[in-house]
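K.L.:
Going down the list, the sequences are from chains A and B. Oh and the first sequence: position 76 is 76 in our numbering, straight run, nothing missing. To convert, take the position in the second sequence, counting from 1, and add 1000; that gives our numbering.
No lab work stands behind these hints, which were simulated from the structure alone. Where a beta carbon is used, it is the ideal one built from N, C-alpha and C, also for glycine. Treat the hints with caution; some may be incorrect.
[As the list claims (entries may be wrong)] Derived coverage of chain B by chain A (criterion: at least 3 residues anywhere in the stretch with Cβ under 8 angstroms from a Cβ of chain A; other residues may be distant):
id : stretch
1  : 1007-1021
2  : 1028-1036
3  : 1040-1051
4  : 1054-1065
5  : 1095-1108
[What the hints assert, rightly or not] Selected chain B positions facing chain A (Cβ under 8 angstroms, derived; list incomplete):
id : residue
6  : S1002
7  : A1004
8  : M1073
9  : L1091
10 : M1116
11 : E1118
12 : A1120
13 : S1126
14 : L1131
15 : F1132
16 : L1144
17 : A1149
18 : I1151
19 : A1153
20 : I1156
21 : A1157
[Unchecked claim] Chain B is nowhere near these chain A residues, computed Cβ spacing over 10 angstroms in every case:
id : residue
22 : I97
23 : D98
24 : M100
Here is what each chain is made of, one letter per residue.
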Amino acid sequence: MIELYHLQLLSAILFALGVYGVLARKSAILILMSIELMLNAVNINMIGAAIFLDPNQIAGQVLAIFIITVAAAEVGLALAILLRLFRNRVTVNVDEIDIMKW
Amino acid sequence: MSLALFIVAGGLATVGGIGVVTTRNVVYAALFLLLTLLAMAGVFLLVLAEFLALVQILIYGGAVVMVLIFAIMLTRTREFPRISDNPQWLLGAVAAVAVFGVLAAGFLIDRPDAPMPERAVFTLGSLGNALFTQWALPFEIASLVLLVALIGAIIIARPGGRE
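Can you make the complete structure from the sequences, with help from the hints?
P.N.:
Given below as structure tokens:
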């Protein structure tokens, strides 16, 4: 029998992996993937709460749909920014992207 | 039975997540991410959220990973596809373990006594109904966000302009 805390533990594991990826990776694309990992961890949590705790089972799922929408928009925008960046600097290494530091 | 399936799917998702943050090859990382996202769709199926599982496969498995692979292809450099990590990776690991500790402690200490429902209470119809009545305004804002992101992406990625 699946319990709610199983889902929450899975979500905690994936969120922590995403945090590690964002902090440890150099390539902007890999950082983006880690962010996707974190967004998905949140989704698991939302759906778990919706199915187990909400009598209607609706609200959490709707929120998960919104998170997926925002994630899709974010990936599209990030691709555009990475392309522009790559055209200007010929790198996606976040250590070399320091022109907005000041 | 469902718990065994959940452990398989959750284990696959975890393996994929570890692969995403550790592999040296960007393309492998994208494929590991795909593994995680599809395993996640399996988890959604196991907890009766069928519609979300389908959305997950379509949007994440299809579109998002596709866009990420496009990003990898279009930003190739000479050292492609090998990459190295930041020197601060150890700090990142400590932060990640701390985040996991806090989250897991919070989840385990306050465990609500709510058994898994036998069957889904919601139907696809009631989900759509809620989306267009109770959640109509956030829904419209989400569509606006998508539109703005689309236009912004086109303008940013357009060739030419001020370099």
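K.L.:
Regarding the hint that A1153(B) lies at the interface with chain A, is the smallest CB-CB distance below 8 angstroms?
P.N.:
Hint on A1153(B): holds, closest Cβ of chain A at ~4 angstroms, below 8 angstroms.
K.L.:
Taking the closest Cβ pair, is L1131(B) under 8 angstroms from chain A?
P.N.:
Since chain A brings a Cβ to about 6 angstroms from L1131(B), closer than 8 angstroms, the hint holds.
K.L.:
Hint validation: M1073(B) versus chain A, beta carbon distance must be below 8 angstroms. Holds or violated?
P.N.:
Check failed: Cβ of M1073(B) comes no nearer than 10 angstroms to chain A, outside 8 angstroms.
K.L.:
At 10 angstroms, judged by beta carbons, does I97(A) keep clear of chain B as stated?
P.N.:
It holds; I97(A) is separated from chain B by about 12 angstroms at its closest Cβ, greater than 10 angstroms.
K.L.:
Hold the hint about L1144(B) up to the distance rule: shortest CB distance to chain A must be less than 8 angstroms.
P.N.:
violated, 10 angstroms
K.L.:
Closer than 8 angstroms Cβ to Cβ for three or more residues is the test here. Does the stretch 1095-1108 of chain B pass it with chain A?
P.N.:
Our answer is that it holds, as 9 residues pass the Cβ test (under 8 angstroms) against chain A, meeting three.
K.L.:
Mind taking a look at whether chain A covers the stretch 1054-1065 of chain B? Criterion is 3 or more residues with CB to CB distance under 8 angstroms.
P.N.:
holds (count 6)
K.L.:
With chain A as the partner, please determine if M1116(B) meets the hint condition of a C-beta pair closer than 8 angstroms.
P.N.:
holds, 5 angstroms
K.L.:
Let me know if the C-beta of I1156(B) comes in closer than 8 angstroms to any C-beta of chain A, holds or violated.
P.N.:
holds, 4 angstroms
K.L.:
Against chain B, does M100(A) hold up as non-interface, every C-beta pair farther apart than 10 angstroms?
P.N.:
Holds: least Cβ distance 15 angstroms, greater than 10 angstroms.
K.L.:
Should the hint that E1118(B) touches chain A count as held when the rule is a Cβ pair under 8 angstroms?
P.N.:
Result: violated, 11 angstroms to nearest chain A Cβ.
K.L.:
So, A1149(B) near chain A? Judge it on the closest CB pair being under 8 angstroms.
P.N.:
Hint holds; A1149(B) Cβ to chain A Cβ min 4 angstroms, cut 8 angstroms.
When each numbered hint is compared with the structure, violations occur for hints 7, 8, 11, 15, 16, 18.
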